[in-house]
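S.K.: First to last, the protein sequences are chains A and B.
Under the working numbering, the very last position in the first sequence is 102; numbers go up by exactly one each time.
Under the working numbering, the very last position in the second sequence is 120; numbers go up by exactly one each time.
In short, the hints are calculated from the structure, not lab data.
Heads up, the beta-carbon is just placed ideally off N, CA and C, and yes, glycines get one too.
Hints may be right or wrong, so weigh each one.
Using 25 Å as the maximum straight-line C-alpha spacing, the simulated DSS-like pairs for lysine-lysine come out as follows [as the list claims (entries may be wrong)]:
(1) A/Lys101 with A/Lys(-7)
(2) A/Lys97 with A/Lys(-7)
(3) A/Lys101 with A/Lys58
(4) A/Lys47 with A/Lys61
(5) A/Lys47 with A/Lys58
(6) B/Lys60 with A/Lys33
(7) A/Lys101 with A/Lys61
(8) A/Lys97 with A/Lys33
(9) B/Lys12 with A/Lys33
(10) B/Lys60 with A/Lys(-7)
(11) A/Lys101 with A/Lys33
(12) B/Lys12 with A/Lys97
FRET-style restraints, in silico, Cβ to Cβ [stated by the list, open to error]:
(13) A/Ser43 with B/Asp74: 44 to 50 Å
(14) A/Ser17 with B/Leu42: 23 to 29 Å
(15) B/Asn54 with A/Lys47: 40 to 46 Å
(16) B/Leu42 with A/Arg68: 41 to 47 Å
(17) A/Gln71 with B/Arg116: 42 to 48 Å
(18) B/Glu57 with A/Glu(-4): 41 to 47 Å
A few chain B residues that face chain A, going by a derived Cβ cut-off under 8 Å, partial list only [to be verified]:
(19) Tyr53
(20) Gly55
(21) Ala59
(22) Phe67
(23) Phe72
(24) Phe93
(25) Val98
(26) Phe102
(27) Thr103
(28) Glu108
(29) Gly112
(30) Pro113
(31) Gly114
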Amino acid sequence: QKEVEQDPGPLSVPEGAIVSLNCTYSNSAFQYFMWYRQYSRKGPELLMYTYSSGNKEDGRFTAQVDKSSKYISLFIRDSQPSDSATYLCAMSGGSNYQLIWGAGTKLIIKP
Amino acid sequence: DSGVTQTPKHLITATGQRVTLRCSPRSGDLSVYWYQQSLDQGLQFLIQYYNGEERAKGNILERFSAQQFPDLHSELNLSSLELGDSALYFCASSVGPFFTSGDNEQFFGPGTRLTVL
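Just chain A, with the same shape it has in the complex (with noise of 0.2 Å):
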């Protein structure tokens, strides 16, 4: 079993749609969750990250962190056709603070 486990998709909603993207994890130690939003053919760039519980809002983006259910999730209001892109969760924490990767969502919004 995977540290790190996300569904790859894709993932295809209409424009305006609100989106859910969702990575479970199994190590504990996890305290700092962090999501990458990766355009076709680029290098992946950081969105947002969380330290340990809670949420975190940034314009129409909202990350959620459940510690207690090893679940995290990004959703993302008013969903627009450049939000198109794959988004991958990653967190670290423990030993050594090593980023263990998701395999990435492909998130296809649709005009």
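For chain A, the structure is supplied; the task is to place chain B on it using the hints.
M.R.: The following block gives chain B in isolation, referenced to the frame of chain A:
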């Protein structure tokens, strides 16, 4: 533009050959990370260097090696290439050795696309 540069952008070579990928980190960043991304495997962490020293190793094959030079640029050497090595290779850099805050995020370069024929 993340500030991380990678050369070359594209590389086409034959099986059995050896290639070298180069990465220059952002100014001030001491950590360099190498990743492999193929269609069916996602983003795979290969190796990390911090200030010239190897800090962490991931799923790096014995045919692959890397180093970080005194000027902090890094090279990834891939030898005895196989068809399955065809992938995007990303370099990333960060200020410190590991993520403990948003000030230490990894910035990714544009990648080198390797095609092994």
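S.K.: If a hint holds in the structure, say so; if it does not, say that too.
M.R.: We went through each hint and held it up to the structure:
Between A/Lys101 and A/Lys(-7) the CA atoms are separated by roughly 31 Å; this puts the pair beyond 25 Å, and the hint is violated. A threshold of 25 Å between alpha carbons decides the hint, and for A/Lys97 with A/Lys(-7) the separation of about 19 Å falls inside it, so the pair holds. Straight-line distance between C-alpha atoms of A/Lys101 and A/Lys58 comes to about 33 Å, which puts the hinted pair past the 25 Å bound. Distance restraint check for A/Lys47 and A/Lys61: the Cα-Cα separation of roughly 17 Å lies within the 25 Å cut-off, and the hinted pair is therefore satisfied.
Simply put, A/Lys47 and A/Lys58 have alpha-carbon atoms about 14 Å apart, close enough for the 25 Å limit, and the pair holds. For the given pair, B/Lys60 sits about 24 Å from A/Lys33 by alpha-carbon distance, which is consistent with the 25 Å threshold. The straight-line distance between the Cα atoms of A/Lys101 and A/Lys61 is roughly 31 Å, outside the 25 Å bound, and the hint therefore fails. For the hint linking A/Lys97 to A/Lys33, the alpha-carbon distance of about 14 Å falls within 25 Å, and the restraint holds.
Distance hint between B/Lys12 and A/Lys33 is fulfilled; the C-alpha atoms sit about 11 Å from each other, no more than 25 Å. Distance hint between B/Lys60 and A/Lys(-7) is fulfilled; the C-alpha atoms sit about 17 Å from each other, no more than 25 Å. Taking the CA atoms of A/Lys101 and A/Lys33, the gap is near 21 Å; set against the 25 Å cutoff, the hint holds. Restraint check: the Cα-Cα separation between B/Lys12 and A/Lys97 comes to about 23 Å, which is no more than 25 Å; the hinted pair holds.
Separated by about 37 Å at the C-beta atoms, A/Ser43 and B/Asp74 break the suggested range of 44 to 50 Å. In this structure the hint that A/Ser17 and B/Leu42 lie 23 to 29 Å apart at CB holds, the actual value being about 25 Å. Checked against the given bound of 40 to 46 Å, the beta carbons of B/Asn54 and A/Lys47, roughly 31 Å apart, lie outside it. For B/Leu42 and A/Arg68, the Cβ-Cβ distance of about 30 Å falls outside the hinted range of 41 to 47 Å, so the restraint is violated.
Judged by the Cβ atoms, the range 42 to 48 Å given for A/Gln71 and B/Arg116 is violated: they are separated by roughly 28 Å. Separation of B/Glu57 from A/Glu(-4) is about 29 Å and departs from the stated range, judged on CB atoms against 41 to 47 Å. For B/Tyr53, the interface hint is violated, since its Cβ never comes within 8 Å of a Cβ in chain A; the closest pair sits about 12 Å apart. Given the 8 Å rule on beta carbons, the hint for B/Gly55 is violated: about 18 Å separates it from the nearest Cβ of chain A.
Because the closest C-beta pair between B/Ala59 and chain A is about 5 Å apart, less than 8 Å, the hint holds. Against a cut-off of 8 Å between C-beta atoms, the interface hint on B/Phe67 is violated, since the closest Cβ of chain A lies about 18 Å away. Using the Cβ-Cβ criterion of 8 Å, the hint placing B/Phe72 at the interface with chain A is not satisfied: the shortest such distance is roughly 22 Å. With 8 Å as the threshold, the beta carbon of B/Phe93 comes within range of chain A, its nearest partner Cβ sitting at about 5 Å, so the hint holds.
Hint on B/Val98 is violated. Least Cβ distance to chain A is approximately 13 Å, over the 8 Å limit. Annotation: interface hint on B/Phe102 holds; nearest CB of chain A at approximately 5 Å, less than 8 Å. Among the interface hints, the one on B/Thr103 holds; its C-beta lies about 6 Å from the nearest C-beta in chain A, closer than the 8 Å criterion. Restraint check, B/Glu108 versus chain A: the minimum CB separation of about 5 Å is within 8 Å; hint holds.
This hint holds: B/Gly112 has a C-beta 6 Å from the nearest C-beta of chain A, less than the 8 Å allowed. The interface hint given for B/Pro113 holds, since its Cβ lies 6 Å from the closest Cβ of chain A, which is under the 8 Å cut-off. The restraint placing B/Gly114 at the interface with chain A holds, with a minimum CB-CB distance near 6 Å, inside the 8 Å limit.
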